[in-house]
Structures are given as structure tokens and as C-alpha cells.
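Asks: Taken in order, these protein sequences are the chains called A and B.
Heads up: the first sequence at position 169 corresponds to 169 in the numbering used here, and the numbers run straight through without jumps.
Heads up: the second sequence at position 623 corresponds to 623 in the numbering used here, and the numbers run straight through without jumps.
Rather than coming from a laboratory, the hints here were simulated on the basis of the structure.
Each residue gets a CB set at the ideal place from its N, CA and C atoms; glycine is no exception.
Be aware that one or more of the hints could be misleading.
Unchecked claim - Listed next, the in silico DSS-like pairs over lysine-lysine satisfying Cα-Cα at most 25 angstroms (straight line):
1) Lys332(B) / Lys52(A)
2) Lys129(B) / Lys138(A)
3) Lys147(B) / Lys52(A)
4) Lys52(A) / Lys621(B)
5) Lys546(B) / Lys95(A)
6) Lys52(A) / Lys84(A)
Stated by the list, open to error - A short list of chain B residues far from chain A (calculated; beta carbon distances all over 10 angstroms):
7) Arg137
8) Ser140
9) Arg163
10) Tyr294
11) Leu428
12) Lys546
13) Ser589
14) Arg595
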Amino acid sequence: MIKCLASGLLLAALALPACAAFDVGQLMDDLARHKGGKARFVEKKYISLLDKPVISTGELTYTAPAFLEKRTLTPKVETLRLEKDLLSIEREKQKISINLASQPEALAFIDSIRGTLTGNRAALEKNYLLSLAGNPEKWVLTLLPSDQKISALVLRITVSGSKNQIRSIEYLQADGDRAVMSIEPLEAR
Amino acid sequence: MSKAGRAFLLWLLAMLAGAAIVWNSRFTADMSFFLPSHPSAEQQVLVDQLKEGVVSRLLMVAIAGGDETQRAALSRELRGRLGKMPEFVSVQNGESDSQAADRDFLFRHRYLLSPAVTPERFTVDGLEKSISDSVDRLASPLGMVLKPLLPRDPTGEMLELLRGLNAGAQPDSKAGVWASHDGERAMLLIQTAALGSDTDGQENAIKLIRSQFAETAQGQGIANASLQLSGPGLFAVNSRATIKGEVSRLSTISTLAIVAVLFFVYRSLRLLGLGLLPVVSGALAGVVAVSLAYGTVFGITVGFGAALIGEAVDYSIYYFVQSGRNGLTDWKQRFWPTIRLGVLTSAAGFGALLFSGFPGLAQLGLYSLAGVATAALVTRFVLPQLGQANGQTRDLTPFGRRALHGMQTLRHLRWPVLALALAATATLFAEREHLWNPELAALSPVSPADQAVDMALRADIGAPDARYLVVIDAADRESALRQAEATGLRLDALVASGQLGGYDSPSRFLPSQASQDARRASLPTAEQLRPRLQAALVDSPLAAGKLDGFLSDVEQARSAGNIERASLNGTSLALAVDSLLLPHGSGWSVLLPLRAGEQAIDPSAIRSALAGNDALFIDMKAEFDKLYNDYLHEAMLLSLAGLGAIVVLLAATLRSPRRLGAVLLPLVLAVLLVIAGLHLLGERLHLMHLIGMLLIVAVGSNYALFFDRASDEHRLDPETLASMLLANLTTAIGFGTLALSQVPVLHAVGVTVGPGAILALLLAAIFAPRASAA
Numbered sequence: 001m002i003k004c005l006a007s008g009l010l011l012a013a014l015a016l017p018a019c020a021a022f023d024v025g026q027l028m029d030d031l032a033r034h035k036g037g038k039a040r041f042v043e044k045k046y047i048s049l050l051d052k053p054v055i056s057t058g059e060l061t062y063t064a065p066a067f068l069e070k071r072t073l074t075p076k077v078e079t080l081r082l083e084k085d086l087l088s089i090e091r092e093k094q095k096i097s098i099n100l101a102s103q104p105e106a107l108a109f110i111d112s113i114r115g116t117l118t119g120n121r122a123a124l125e126k127n128y129l130l131s132l133a134g135n136p137e138k139w140v141l142t143l144l145p146s147d148q149k150i151s152a153l154v155l156r157i158t159v160s161g162s163k164n165q166i167r168s169i170e171y172l173q174a175d176g177d178r179a180v181m182s183i184e185p186l187e188a189r
Numbered sequence: 001m002s003k004a005g006r007a008f009l010l011w012l013l014a015m016l017a018g019a020a021i022v023w024n025s026r027f028t029a030d031m032s033f034f035l036p037s038h039p040s041a042e043q044q045v046l047v048d049q050l051k052e053g054v055v056s057r058l059l060m061v062a063i064a065g066g067d068e069t070q071r072a073a074l075s076r077e078l079r080g081r082l083g084k085m086p087e088f089v090s091v092q093n094g095e096s097d098s099q100a101a102d103r104d105f106l107f108r109h110r111y112l113l114s115p116a117v118t119p120e121r122f123t124v125d126g127l128e129k130s131i132s133d134s135v136d137r138l139a140s141p142l143g144m145v146l147k148p149l150l151p152r153d154p155t156g157e158m159l160e161l162l163r164g165l166n167a168g169a170q171p172d173s174k175a176g177v178w179a180s181h182d183g184e185r186a187m188l189l190i191q192t193a194a195l196g197s198d199t200d201g202q203e204n205a206i207k208l209i210r211s212q213f214a215e216t217a218q219g220q221g222i223a224n225a226s227l228q229l230s231g232p233g234l235f236a237v238n239s240r241a242t243i244k245g246e247v248s249r250l251s252t253i254s255t256l257a258i259v260a261v262l263f264f265v266y267r268s269l270r271l272l273g274l275g276l277l278p279v280v281s282g283a284l285a286g287v288v289a290v291s292l293a294y295g296t297v298f299g300i301t302v303g304f305g306a307a308l309i310g311e312a313v314d315y316s317i318y319y320f321v322q323s324g325r326n327g328l329t330d331w332k333q334r335f336w337p338t339i340r341l342g343v344l345t346s347a348a349g350f351g352a353l354l355f356s357g358f359p360g361l362a363q364l365g366l367y368s369l370a371g372v373a374t375a376a377l378v379t380r381f382v383l384p385q386l387g388q389a390n391g392q393t394r395d396l397t398p399f400g401r402r403a404l405h406g407m408q409t410l411r412h413l414r415w416p417v418l419a420l421a422l423a424a425t426a427t428l429f430a431e432r433e434h435l436w437n438p439e440l441a442a443l444s445p446v447s448p449a450d451q452a453v454d455m456a457l458r459a460d461i462g463a464p465d466a467r468y469l470v471v472i473d474a475a476d477r478e479s480a481l482r483q484a485e486a487t488g489l490r491l492d493a494l495v496a497s498g499q500l501g502g503y504d505s506p507s508r509f510l511p512s513q514a515s516q517d518a519r520r521a522s523l524p525t526a527e528q529l530r531p532r533l534q535a536a537l538v539d540s541p542l543a544a545g546k547l548d549g550f551l552s553d554v555e556q557a558r559s560a561g562n563i564e565r566a567s568l569n570g571t572s573l574a575l576a577v578d579s580l581l582l583p584h585g586s587g588w589s590v591l592l593p594l595r596a597g598e599q600a601i602d603p604s605a606i607r608s609a610l611a612g613n614d615a616l617f618i619d620m621k622a623e624f625d626k627l628y629n630d631y632l633h634e635a636m637l638l639s640l641a642g643l644g645a646i647v648v649l650l651a652a653t654l655r656s657p658r659r660l661g662a663v664l665l666p667l668v669l670a671v672l673l674v675i676a677g678l679h680l681l682g683e684r685l686h687l688m689h690l691i692g693m694l695l696i697v698a699v700g701s702n703y704a705l706f707f708d709r710a711s712d713e714h715r716l717d718p719e720t721l722a723s724m725l726l727a728n729l730t731t732a733i734g735f736g737t738l739a740l741s742q743v744p745v746l747h748a749v750g751v752t753v754g755p756g757a758i759l760a761l762l763l764a765a766i767f768a769p770r771a772s773a774a
């Protein structure tokens, strides 16, 4: 991590003008340098049907570039694992596997997280319009679906973070419900 | 009328009657050739599945060419066209409208379908628990899918229904239709109206699919679109075409070659025609016998005719060549008894097959037995009435003399041959573990290319391999479904303990009326449910006021009628139920295909879980292997019995252990050398090679008997030897032709008996007692 940061600094020193104008490209480069780690998450889903938000907590594990695991511990233990294009969900001895290659909408949805984590601008721009605000210390990346099939599910995805660490993701769904996930890194590799 | 005229007329009448029977015979080329004639209960399931099971009516289709959207458009149009035709029961391609129909059905009937519906579930406690589970589930990644259902299905019955289904087995999807794993082909699954055993119906269905596809592709202007198709129906159609083609190809080759040989010797069209008389009679009699005894004639049996031609023509060769110089009376006295004994040994060999439980083998036995016997009888009793060679034939004496001379030289090979036989024995003994092909598939006429296509399509469409099945028999549909539910409960325990991945059951979509009634009775009235719901939701983030849809759906389920089989029409669940719930002669059968989970299925665990129940657990692969092993075991016994019969026959006739030994030795050596040779050439032996060994003895004994007769008379005429060589040549041509066949059953007999017959003659000459050279 230190080495990573140091090289980042070195790079920044060499390319001051680019650094001054913090843009999507640079954020992506930063994110791409993040090789993975573990984080605690708290996810709140605000659902119009319910009087209170549904809160779930657990751990996230990410190993660049293709492994992502979301382990929910409360209220029910559940593991969601993404390896390349194979998504599997395990809950109460039930295991469901979905090949995302056959589910373009789900893939677009997953790519919003994966693309951000891996700093894969091309994958993000395939389905979303990107806009970035803030500076490398505190940035907010907004993704607006460019495809109608996706916007029928999700109106807007807002990812915010600091340096190459994502700190929160918010999904605003088409029906007005929203989910906010805050991420607290446990350790970084 | 002259005696000759009477004989010919009688023969002609018999032939006409035979032709009439053949004309009305049913010929088939389906799998029943291989299916046991007296199946066990487990094998009966196998037989039914292969002949009439829904799986036998499924065709898998892959569309290649064009791009993703073009393929999807082709798939949609093809489904639209075929779906309207009466030849097809169902055409699925993963289009969302069909999935929507399934989903709608499940959701509409969820309170009658869900096994979780019990009176307890609708108490205050039960509602509190199931609804809080559903709210928790909203937190899950699947929450987005479940959320829209929550107001009407807060207890999560839909999820209960989907729980047992194998979501992972769905094919991939591209542009809204099923696609192969690599995404390069669109996939369809088609069920024909014609039964799997109705090869004509299957052929017609396949033609329709191909022609409709061609029109569709042309209409959409996709030049490089191509269609690949597989399934049991295609196998049956292709096998039939292969066998049909082979019957005419092999018979033509064999007939032409033999006619050429005969014409070279006889130099007369009349003699040639007369010479073929016993052959034609034999071939006809064979088919007539099979048709009368079994009702249907297998194509493979007729394909065996090529060999029969070569064998049956021997008798007329003996007759013409041997009676040519010495006259008819001399032939009857000197040669006929030997020929008769040869016919009897051949008949003993073929006759042993009659007792086989492998229907194909029994037919081959009857066909050959009737054919050989008829050919011999026609030679003995009809031919002499019609004419004799009268010196017209080519003089074979010089040729016979040269052969006699050659025989003297061959005698020096006695010790080398014995050494070779010893080496062959040692090889076979050392390699005894690797000689046999243990799979029934070794006999299957389906080409390896077709099998490869089938495997690929099956993997792409996620078709289950259906290796493990639980089968239940019941008197009527209702009790069949009740038993399926009872057995399902036992299997659920195995699923819970992780010993089983899951299973399919018709009662999942069509529960027994009893279960439906019980579930309906569990549902409270709206007046009862409303206050319970209020009480259950006191601490929940979900307000009872938002669940009006739930109240009205429960009320509706209380008043709606039961689900019948017809309720499933228009969904793909109908196919699922029909494939698992089958009417048969006197009742109904239920099939519950099992899926392995993380660990492989342990048959003994399943059996003990089912103990005390009428359900039958079947491992299809094990049954196939057992079936083949039974056949193989039986074929060994029959071969030994046939061999025993031949030995007894020879011993009784020859009345001398020395002569018996002299006749048998070359035959045993021929079998040894052929088998060792085939093994060294890389041929994996199977059941039909074993039968081939028996036939080497049965056919080859004819030659050894002539040498024996010659040694008895202390002379061997050049003509006799020449007739033997000629007969041997035609036999080798007949059986050798079969070696060209792509049908493994015929090929194996051909490669064994063809060289075996030649070796039997050579070895008989080598080991003929010295006295014969006098």
C-alpha cells in the first residue's frame, strides 16, 4: 500500500497539470491500482412499502480483478460471490448460480460495482454516463444509465470515496426506493 | 407333369407364399433390437423410457450462423411456425412469454402448490415468522426481485415453490432466447407428438423442422444460417437409414462377388440361376420365419443376409462340383451325409442363439437357422430335380491338384501353427482384462459423430442426464401423485442432509387432489386472517394496511377449484408433468429424477431412505451396464451350449475320439488366432465377437468334416478339395462383407467369421490326417 501510494505520489509530482484537473480518467487509474482488501459494510434499504429501512451488515472482500464477495451477517447470513461472470448466492443451504453472460441487465448492474472497483472505464461507459465531482481526497462519481432497460431498474448510482478507496454506494431505484451502502475498510493489501 | 416340374412348382408356390408374408412384414430399425425381451422391473422402466418416455420424444435444436439478433429472430420464427403444427407438442426456446406463463401459473396457484401451506402458517405466530423472513429477504441481493411480490405474497410462497426447482439448469440466454454456452448458437427444445418408437413419425417431425427452418432462414435472408439437431428420434431415423443403406449395399456387394465367382466356375447362366436358388430360398425363409415368430423384423437381421448368402451358396457349390463328375447317386451317398452333418453343426450354432434374451440375437439365430436349413433342403430335394452340371462347369481338377500339392507343403506348418496358437493363448491370457468392451454402447448403431453432437447440444441446453430415477407405480393418477408426495418427503430429508442436490416431481406442479384440498382447508377466511395479520405485524416495519392484495388472493384461493392437468396447458410445466407422470397399460407411473448436490449420489443412502416404500430406485447407467453384462453372460453360456451341441453331434456321428479331436482342433485354433489377431489390431471385443467365435466353429466344422470323410475313405479328390475352396471363398466373401458395415453388430460378426472361416479351412488342411493324401 505504501509503495502504491509512493508511486502514486511520484506520478502526481511528475504530472502536476493533470493532477490539478481531477478527472474520471485519473480516478480510474487510481482505482485500478487498488488490488483488493476487506471491508465492513452497512447497507440501508429505504423501501416505500416498509415504515423503517431494512438494515443489513457484513463484510466485503475484493481481489482484483475478478473476485468479489459480499458476506451478509445480519439479519440473515448470506453470501454473494462474483467470480468473473458467475454470480452465486448462498442462503440457508440454498445455492443459486447465475451466469451473468446470459443476463445483460444484471451484468450491467454488477458492472457498476465491478467497473468502479477495477477502474475499468470502458466497462462503466458501456452502460452509464459518468460524471465526477470533488478531488482525489473526497470524490463523488455519479453513474446515469444510458440504456432504457437498465434505467427501468436503476435511475442513478452514486459512488463516493477517498483516494482509491470506495466509501459508499447509493442506488436510487426507478420506483423511488433506494439503498445506501457505507463501506469501512478493515485492512488493505 | 414331370417330377422336375412338380418340384419346381411346389418350390415356386412356397416362394410366393413366403414373398406374401414378407410383403406384409413390419420392418424396424429402432432400439428394441437391444432391449431385453424379458425385462426386470428396473429394466422395464428403461425400456418404457426409451420407447415411449417423453425424453425419447425430445429433439434438441441449435441454430448457427448470422449474428446474435438474427439467430434469435430465427429461433422465434421457428418456434412460432412449429408451435402451430400438430406434429409438435411443445417448442421451447426460452422466450420470456413462455417463462411469464409459467411464472403466472405458479403465482396464481401458489396457495395450492406450496408445500409450506399448513394451518400453522396462517396463525399469528406463523404469519409473524414468515412475514419477518420475507422482510429480511428484502435486504438480500434478491430483494429487488422479491419486493414487487411482497404486498400479495408476504408469506413468501412463491419462493417456496421456486426453492425446489433447479435454477442452475436453465440454459444461457442471448437476445431473449436460449443460447449455447459460447453464445454462438441459439437453442430450442422440441417435443414431438410422435412416440420415440415411431420412427416414421420422428422422421416426419425432423423433416418438418428442417424444412421450416430452411424457409425461415430464406425468408429472413440469412444465407449462412445452419441447423443442428439431435435427440433419440434422430438417432432412430439415422440408424434406420444406415441399416437400410447397409442392407442393400452389403447384399449387393456380397451377391455380386459371389455371382462372379460362381459364373467363373459354372460358365452357364442356367447353372448360375440354379446355384442361387437355395440362396434366395434361404434368405426368404429366414425373413418369413422371423416375421412369423416375432411379428417384426429388425433391419440388422436382414443385413445379416449378406453373410447368409455366402453360407447358403456353399451347398449348391458342393452339389454342382461334386456331382458333376460322379453323378447324383454317388453324390447322395458319398457327400450328402457329410454336408448334412455340416448343416446340422451350423444349425446347432445358430440355434443356440434362439434362446437369447437379447431379441436381436435371437432373431439373427432364427433367421440364419431357417435360412441355412432351407438352403440345404432346397439343394438336396429341389436342385436334383431341376438339373445337374453335366460337365458344363469349368474343370476344377487341375486347380484341385495344385491345391492338394499345396496342402502337402502346408503340413510343414503344423508345429509353427501350434507355436503361434500357444503365443495367441498367452497373449489373450495376459490381456484378459482388456479384451472386452464393457459398454452396451459398443453395440449401438449410432455413429460417434452423432453421439458427439448430442453430447454438445445436451450440455448447451442443460438437459439432465437422468441417470438416477425413483419410480413409483400406482393404480390411478391420484394415488400416483399421493405416493410421489410421500416419497418426496423422504427425499426432502436427504436434500436437507446434503446427500441429495434435489429432485423433480410431477406433484410440484400438479399436487394430488388430497394435498390441494388440505392446503385449501388451511387457508383462513378474510375475517379470520385480517385480525391475525394485524397482531402478527405489530412490531414489523410492514404495515398490515399495505397487504390487501394478500387478503384478496387468499380469499380467492379458498374459492378457486383444484388444479387439474389441463390447468397446466400453455405452460412448459405441462411438459414437465407429462414427462414425469405416465399412464401405462393398467395404471400410472411416476418418475422422480434425482440430482446430485455437492457430493455424488450414494445409491445405498437413497435405497435405505426409500425402504418400506413401494418406490423403486434406478440407476440407469448401472441398469444399462447390468443389461449388457447379462447379455454377455448369457451369450457366453449360449456359445458354450452351442459348442457343446456341436461337439455332441460330431461325437455321435464320428464315433471316434481321435476323429472328433481332428475335426475340433483346427476350429479351436482358428478361434484362438482370430481373437488374438483382432485384439492385436486394436479391436475391443464385445458380445457379437463372442457370437462370431461360435459361428467360426459352426461354419468351419463343414471343412474339417470333409477332410475327416476323405481320411475315412483314404482319398481326397481334387474336385472335392476344389469345391471346399470355392465354398470357403463364398463364405468368406459373405461374412467378410459384413466387416465393411458401420453397424457394430454386423461388423463384429464379419471381422470374426470372415477370417475365421478361411483359417478354419487352412488349419483343417494343415492338420488333416496324413492318410488323406493317399
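Asks: Check each numbered hint from earlier against the structure, then list the numbers of those it violates in ascending order.
Replies: 1, 2, 4, 5, 6, 7, 8, 9 and 12
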